[in-house]
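S.K.: Sequence:
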Amino acid sequence: MNTQQSQEVRLWDYIDGLSTPQEKSVIDQLLERDADWQAKYAELLEIQGMLQSSELEQPSLRFTKNVLEEISRLHIAPAAKTYINKRIVWGIAIFFITLLAGFLIYGFGQVDWSTKGDTVMPIDFSKVDYSKIFSNTFVNVFMMI
23 MNTQQSQEVR LWDYIDGLST PQEKSVIDQL LERDADWQAK YAELLEIQGM LQSSELEQPS
83 LRFTKNVLEE ISRLHIAPAA KTYINKRIVW GIAIFFITLL AGFLIYGFGQ VDWSTKGDTV
143 MPIDFSKVDY SKIFSNTFVN VFMMI
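If you want the numbering used here, it's the position in the sequence shown, counting the first as 1, plus 22.
Everything labelled a hint here was simulated from the structure, so no lab data went into it.
Predicted model only: the values in this text are computed from it and were never measured.
Treat each hint with caution, since some may be false.
Stated by the list, open to error - What follows is a list of derived Cβ distance ranges for each label pair:
| no. | residue 1 | residue 2 | range |
| --- | --- | --- | --- |
| 1 | E30 | N107 | 57 to 67 Å |
| 2 | K108 | M166 | 18 to 28 Å |
| 3 | G39 | I93 | 36 to 46 Å |
| 4 | R84 | R55 | 23 to 33 Å |
We treat Cβ as the ideally placed atom computed from N, Cα and C, and that holds for glycine.
Go ahead and model the full structure; you've got the sequences and the hints to work with.
M.R.: In C-alpha cells:
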C-alpha cells in the first residue's frame, strides 16, 4: 500500500510539474518500462483532465442577499443575560478602592506633621522597618475585612 501511495504521489508531482529534473528522468524511465506505472499514469491523467474540465459551481447572484434577508426575518434575539454579573465586578472594584484608601489613610496617619518645613525629607526611607508596618493590628484588621 505504501508503494502504491508513493507511486501516486510521485506521479501527481510529475503531472503537476513539481518534480525535480532527476525525479522526472526516473519517472520517464519507469513509464517507458513498467506497465503498472503506465496504467496509473493514464488513470491520473484522466482524473486531472476531468478536474480541469469541470466548472466550479457558482452561487446565485442573490445568495448573499437571501441569507441576510432570512437572518433579519428571524430577528435573532440578543443574549437574555450578561455573562458577567455586574455586582461582582462592582464588589471587586469597591474592595480594591477601599484597600487603597485604607493604605493611604494609614500612611498619612504615620507621618509626623509637627516637623518644620525644610527641603530634607522627614523620613529616611532606607531605615523604615516594614515589620512594624505590616504587623500593626489596624492593617491586619483592615486586610481581614
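S.K.: None of the hints should be skipped; say for each whether it holds.
M.R.: Here is how each hint holds up against the structure:
1. Under the hint 57 to 67 Å, the C-beta atoms of E30 and N107, about 58 Å apart, fit the expected range.
2. For the hinted restraint 18 to 28 Å between K108 and M166, the CB-CB distance of approximately 26 Å keeps it satisfied.
3. Taking 36 to 46 Å as the suggested C-beta distance range, the pair G39 and I93 conforms, at roughly 45 Å.
4. At roughly 57 Å, the beta carbons of R84 and R55 sit outside the given window of 23 to 33 Å.
When held up to the earlier numbered hints, the structure conflicts with hint 4 and nothing else.
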